[in-house]
Structures are given as structure tokens and as C-alpha cells.
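Trainee: Use these hints to put chain B onto chain A, whose structure you have.
2 protein chains.
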Amino acid sequence: MKQNADELLALIFNYITKIAAIHDPEKLVVEVAKMGRDIVKADRCSVWILDHENNILWTKVAHGVDFIRIPSNSGIVGEVIAKAEAKIINDVYADPHFNRSVDDETGYKTETMMVLPIHNSAGEVVGAMQVINKIGEGGFTQEDLQHLLLASTYVAESIESSLLLEEIDATQRELVYIMGVTGESRSKETGNHVKRVAEYSRLLAQLYGLSEKECNVLKDASPMHDLGKIAIPDAVLNKPGRFDEDERRIMDTHAELGYTILKGSERTLLKAAAIVAYQHHEKYNGTGYPNQLKGEDIHIYGRITAIADVFDALGSDRVYKKAWNDEKIFNLFREEQGEHFDPKLIDLFFENIEQFLSIRETFKDRYDG
Amino acid sequence: MKQNADELLALIFNYITKIAAIHDPEKLVVEVAKMGRDIVKADRCSVWILDHENNILWTKVAHGVDFIRIPSNSGIVGEVIAKAEAKIINDVYADPHFNRSVDDETGYKTETMMVLPIHNSAGEVVGAMQVINKIGEGGFTQEDLQHLLLASTYVAESIESSLLLEEIDATQRELVYIMGVTGESRSKETGNHVKRVAEYSRLLAQLYGLSEKECNVLKDASPMHDLGKIAIPDAVLNKPGRFDEDERRIMDTHAELGYTILKGSERTLLKAAAIVAYQHHEKYNGTGYPNQLKGEDIHIYGRITAIADVFDALGSDRVYKKAWNDEKIFNLFREEQGEHFDPKLIDLFFENIEQFLSIRETFKDRYDG
Chain A
8 MKQNADELLA
18 LIFNYITKIA
28 AIHDPEKLVV
38 EVAKMGRDIV
48 KADRCSVWIL
58 DHENNILWTK
68 VAHGVDFIRI
78 PSNSGIVGEV
88 IAKAEAKIIN
98 DVYADPHFNR
108 SVDDETGYKT
118 ETMMVLPIHN
128 SAGEVVGAMQ
138 VINKIGEGGF
148 TQEDLQHLLL
158 ASTYVAESIE
168 SSLLLEEIDA
178 TQRELVYIMG
188 VTGESRSKET
198 GNHVKRVAEY
208 SRLLAQLYGL
218 SEKECNVLKD
228 ASPMHDLGKI
238 AIPDAVLNKP
248 GRFDEDERRI
258 MDTHAELGYT
268 ILKGSERTLL
278 KAAAIVAYQH
288 HEKYNGTGYP
298 NQLKGEDIHI
308 YGRITAIADV
318 FDALGSDRVY
328 KKAWNDEKIF
338 NLFREEQGEH
348 FDPKLIDLFF
358 ENIEQFLSIR
368 ETFKDRYDG
Chain B
8 MKQNADELLA
18 LIFNYITKIA
28 AIHDPEKLVV
38 EVAKMGRDIV
48 KADRCSVWIL
58 DHENNILWTK
68 VAHGVDFIRI
78 PSNSGIVGEV
88 IAKAEAKIIN
98 DVYADPHFNR
108 SVDDETGYKT
118 ETMMVLPIHN
128 SAGEVVGAMQ
138 VINKIGEGGF
148 TQEDLQHLLL
158 ASTYVAESIE
168 SSLLLEEIDA
178 TQRELVYIMG
188 VTGESRSKET
198 GNHVKRVAEY
208 SRLLAQLYGL
218 SEKECNVLKD
228 ASPMHDLGKI
238 AIPDAVLNKP
248 GRFDEDERRI
258 MDTHAELGYT
268 ILKGSERTLL
278 KAAAIVAYQH
288 HEKYNGTGYP
298 NQLKGEDIHI
308 YGRITAIADV
318 FDALGSDRVY
328 KKAWNDEKIF
338 NLFREEQGEH
348 FDPKLIDLFF
358 ENIEQFLSIR
368 ETFKDRYDG
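Keeping their order, the protein sequence lines are chains A and B. One gets the numbering used here by counting positions in the first sequence from 1 and adding 7 to each. One gets the numbering used here by counting positions in the second sequence from 1 and adding 7 to each.
Excised from the complex, chain A in its bound form (with noise of 0.2 Å):
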């Protein structure tokens, strides 16, 4: 029976709505092999992708088992993707490229299959799809092999930006965890407070009822809270002892630094970044620098990575001076309830202390290298 051609239609565009809008590649390998799945009214479609630096093919499947990698010469998918060249097989176990082993491990029955090499746009090849059992009578045809094909380009193109996106946002991860650890490595402080600093800043963020996307760009951003240290002199950046007048006065200019530095930008993290270099050091009550400012008048990201900053600052070693225990910290930031910190980010943090502390767990200086 020829399958309703509006029908295919309205398939093919609800899944590649799906598709446009997954961006990590695992995800996109597992909704396009259900979309090859339902194009040919198969009972099993997997999408394996070639990588060619380690020689292997792997897999994600949403049901069962979860990753699979294989030798990328294996089987009837290595065949094909060697020669280039599609195969409809509509009698598995005689041919003699079929691994039945699996089949025999798993008591699943492979009938019929259709393997298809996939194409990139410039025409390499850089995967396949592998469809298994045909639902209903008769095997694999010529026109469910012609539908896969026009879908595999499409296919190969998404995957390339789904990686491409992974990797661009990997790399932009690393930088900003970068560019915090290089400010801080003047200072001497290590590259976990940054982490820390941006766990806790994110969970409170998340606390408080930020939007999921806000709470990532803080999570991002807050590592860059001390970028202007980067710009202040070692004799003062680094000294043992107790700042002078004089001393502190540029100390303090850290913050308007930073935001100098980053002030000119107008993308998204940059701009949280930017308002979180400038008012870290704010305090609620309207003491703080550089700009006195008061309340809600300090930005919620600024209020929020004041807490995550001192929290971990106060619990770690420094240089000049002994960390301090949980007792002590907890005592100050009561009495700086409403004075250093907004009061409704510390009931916040006492209500939630456990995560707080898991995060120091997980994240904390390991001095054995």
C-alpha cells in the first residue's frame, strides 16, 4: 500500500522541527533514527555516524542499550559505508556480511533491512542509517530506499551543526573558566573557586526563580567577577599583610576594571559578565563600592555573586589567612543579613545550606598536584 503522500508530509516537517531545535548530537542521532523509522514504517532505524580520527562508527538508540560504538569496516553498515553504496537486504540471514551473533545474544529476529550510506554536502560520506524489519508484508522497496535518501543529506547537515555547536560551545565554557582562573591566578587563588563561584551563583540564581537561560548566563558570567584584578599591580595584588588607605583605594579599583575591560560589549554573557565585575563588591545596605548602590538598586546579579563570592572565599585558604569553619560563616552571614546581602538570597541559602555544600564538596582544592 502506497503510504498517503500528505501524511509523509506531516511526518517528515514534525520531525525536522524536532531536530532544529536539539542541539546535542546524541539527542539529534536518537530522533533521527526514529524519523527514518517512521518515513519507511520500520520496526528499528539506527543512525551511525562515522568517526573517522578513532575508526569507529557509534550509535545512540533511545531504548535499550544506550551507546554503542563498533570497528567502523564492521558488518553490513561498515560494507556500506565503504562501497558508498546502498543495500536493500530482504533476506538477512543469507547474507554473508550479517553478523547474527547479536541477534542470537538478544533473541531479537532481524528479517529485513536496508542500509544507506549518508552523504554530507560535500559529498563525504559520514555515516549511515540502517533500518530493520519492514512493518507489514513484503520487504524494503526502491521507494522507501529513495525517501531515506532524500532525507540522509539533510541528516548528514544536522549532525555537522549540532557537533559544530557542541563545539563552539565547549569552547566558550573553557574560555570564560579560562579567563576567570587567569584573573585570579595573579592573585594566587585557584581555578575551583571559579567553578564553586559559578555553581553557587547558578543555584541561586535558580533559587530565587531566574529564568533557566538567565540562570546559565550567570553561571557563565560569574567566573569573570574578578577580570580587573588582571590590571591591578602585583605589589598591591599580592601583598602579605594589611592594605594601607592608599593600598586599598586601588585594590577596590578592581571592579570598575573589570567592567571597563568588558563594558563595551553587547552580547548576552558579556553584559551579565560586565554588570557582575561592576557590583560584586556592592553591598545591600548601600556601603559598598565602587557605586554605593542600594537594594534592588544592585542588579540581582550583582547581589548574587557578592553571597557565592564571600561564601567561598570565607571557606578557602588564602594566602594571608586560615580557612573558617561552617560556624563562623554562618554567624556572619546572619548578622550581614540585609546589610552585606540581600535578605531573601541568605533565607534562600539557609534554606537550601545541603546543595551549597555539596557543590563545596564536589568542587573542592585538591593540593596533591
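Some hints here could point you the wrong way.
Where chains are identical, the list cannot tell them apart; a pair therefore holds if satisfied intra-copy or between any two copies.
In silico DSS-like cross-links for lysine-lysine, where the CA-CA straight-line distance does not exceed 25 Å [to be verified]:
hint	residue 1	residue 2
1	K371	K270
2	K335	K351
3	K202	K278
4	K329	K48
5	K202	K270
6	K246	K41
7	K116	K41
8	K41	K220
9	K25	K41
10	K48	K116
11	K41	K278
12	K351	K290
13	K48	K351
14	K94	K116
Just so you know, the hints here were simulated from the structure itself, not pulled from any lab data.
Mentor: Structure of chain B alone, referenced to chain A:
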């Protein structure tokens, strides 16, 4: 006449394949408009994107007027977006919302029109598709509308993805630039130094025949060449006079320090930046630092950045010296061909000297604030 279903399917897959490979939102809008036009067989199609922040609709069209912005409530498109309801108008001049002034100006005669809102998967209206002048007998049909409605959520997701990618990509470029400037700022060099080094490096990479991808990676990586200076003490970094032997040794550690900051990453960009930081002071004849690498043992990224960095440094005023004139720079480059610098790159440099001078002119330092 009913459109052939397989033909329509092939057309759609052809377009969505192209669309999946386009990451620039403006180019995407043009391609999506072509898809819309071909799906319903219209003479023209525009895809309008709603910019909430500025209350405008924007579009790009392939031919004729380039970039168009209109108030978000104007005309039939504005009406469709406000009501979130599609509209088929097969007698356009009878519609009270139609503004015929554009037709009067351009001489183009609008006869039939169909406009539908574009929803994203969260159900929000993010724009509209507008097709004009159905080809052949009769106007637009419910079937045309149905086909475009199927496509519209896909369009929304694609455009949102491309806007996201553009934001992340632009953020990455700015982060890299800020990191470069941060590294330079302590040694009082200018932001334009890192921009020029980036552009010279990309140009040399292109002339040398590296792939487009590598050229762009090197462009983004090269600004980080002096990142390690972040960890050099002020007393050395900003010394006005000549270094003594100890100071020189401390200063030279910046190459290895930069490498240490960056080397942990698996990301393409940061791996390239690590190479650049490590090797930009190696010399072709093996007398550079830190590892006295020789000839092609120095990575091409290192050999390129060495030339870009020195060319720019010699041509710029610094605290401790005036800029050299071009004759003096060119003489040094000829003397150092095969000594400090890769001889092949020096040939390419002189063969294309106009392009290098044009970059220098475009990104020259300005002292007017």
C-alpha cells in the same frame, strides 16, 4: 493541478538540507523564502522576523532591496502577527489593510497573497511568511496553506538555532579578543595589536594554502599568543630600559606560561592557541625559545604568528621605542629570511605586501581617545 507528492518531497528535502548547513540568520531567511515560494508555486515569498525588543519586523530578500525593516504592526503582515491567524487574500486590492504605495512605486502588481504566522515550538509568534502572486490559474488554496503551516514551525526552529549560534559565535570572538587585550593590557600594548596580528596571521595562513577552517582557527587563536604575560611580574613586564639576564629569562617564560594555561583543552581553538603561545618565539634556524625548535619542527601556526607579531611590533610605537619605518622593517625581514623566519612565508609576505599594509591601515592605532 495537484502537485506531485514525490516532487514536493524532493523539493523540501533539497531545501532543508541547504538550510541545515546555513548558520547565518540573514542568509537563512533568504533560503527559507525560496523554499516557501517553491512549495506553493508563488512568484515571491518573504520571511519576516519579529524583533520584540525594537518592535520591528525585518527581512532579507535575495534580489532587489537588501535588508528591509518595518514597524511590527504595519500592513497585512502586522495584522497576521497581531492576531496570530493566517490569511489568504485572492483579491489584494480589495483588502483594507493592503498598502498599495509599494506597488505604485515599484510597478510590481500584487494580485494574490497568503500570509501566515510563524510559531516556535513554545507556541510564540516569532514572525510571518508572506507569499505573493500564485503562479497559474486561481489563487492560493487551503492545501498551499497547509503545506506552509507544516513548514512554519520548522522555519522558526531553524532561525532560532541560527540566532543562537550567531550569538555564541560572536561571544567567542569577543572573548578571544578580550583575552588577547587582557594579556597585552599589562604591558601597555593596544587592543589593535591583537586585531592586526589576528588578521596578518589569517592572511599568511591563506597564502600558505591552509584550509579555510584552519585559517579561521588561527585567526581566533593568534590573539592569545601573549596570554602568559599575565603571570610576568610588573617589575619585569613594564621595565622601561633594557632587561638584564635574569629579567630576560623571566620575561621569556611567558611562552611556556601561556602554553600551561591553555594546554589542558581538547578544543580545536584552544589547542591552536596553546601552540601559538608556546611557539611564537621559536626561530626557523633553531635559536628561538623555549625549545629551540628548528625549521618545520615549528608548527606552521607558530611560524606564521612569529612573523605577524614581529611585523606588527616593529611597526608600532612602544613605551621603550619608536616605530621603525617600512624600509628598515623590510630589510630586517630579508636578513632574517631562513634565520628567524620561515623563508617560504617571507616570500609570500613580500609577494603580497599590499594586503599586509592594507590590514595595518584598517586597524591602525588611534590616539584620539
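Trainee: If a hint holds in the structure, say so; if it does not, say that too.
Mentor: Results of checking the hints against the structure:
In this homomeric assembly, K371 and K270 come within 25 Å of each other (Cα to Cα) only across copies, at 22 Å, whereas the closest approach inside a single copy is 32 Å. In the homo-oligomer, the alpha carbons of K335 and K351 lie at most 25 Å apart inside one protomer (20 Å), although the nearest pairing across protomers, at 65 Å, exceeds that limit. Proximity of K202 to K278 under the C-alpha cut-off of 25 Å is found in both arrangements, the shortest distances being 20 Å within a copy and 21 Å between copies. Within a single copy, K329 and K48 get their C-alpha atoms no closer than 66 Å, and across copies no closer than 74 Å, so neither meets the 25 Å cut-off.
In the homo-oligomer, the alpha carbons of K202 and K270 lie at most 25 Å apart both inside one protomer (23 Å) and across protomers (18 Å), since each shortest distance falls under that limit. Proximity of K246 to K41 under the C-alpha cut-off of 25 Å is found in neither arrangement, the shortest distances being 61 Å within a copy and 65 Å between copies. Taking the shortest alpha-carbon separations for K116 and K41, only the intra-copy value of 20 Å comes in at or below 25 Å, while the best inter-copy value is 45 Å. Proximity of K41 to K220 under the C-alpha cut-off of 25 Å is found in neither arrangement, the shortest distances being 28 Å within a copy and 32 Å between copies.
In the homo-oligomer, the alpha carbons of K25 and K41 lie at most 25 Å apart both inside one protomer (11 Å) and across protomers (22 Å), since each shortest distance falls under that limit. Taking identical chains as interchangeable, the C-alpha atoms of K48 and K116 lie at most 25 Å apart only when both belong to the same chain, with a minimum of 17 Å there against 46 Å between chains. Taking identical chains as interchangeable, the C-alpha atoms of K41 and K278 are never at most 25 Å apart, the minima being 40 Å within one chain and 36 Å between chains. For the identical chains of this complex, K351 and K290 are intra-copy neighbours only, at 14 Å inside a copy versus 59 Å across copies, given an alpha-carbon limit of 25 Å.
For a Cα distance limit of 25 Å, the shortest separation of K48 from K351 qualifies neither inside one copy, at 55 Å, nor across copies, at 59 Å. Taking the shortest Cα distances, K94 and K116 sit within 25 Å of each other inside one copy (19 Å), while across copies they are farther apart (51 Å).
When held up to the earlier numbered hints, the structure conflicts with 4, 6, 8, 11 and 13 and fits the remainder.
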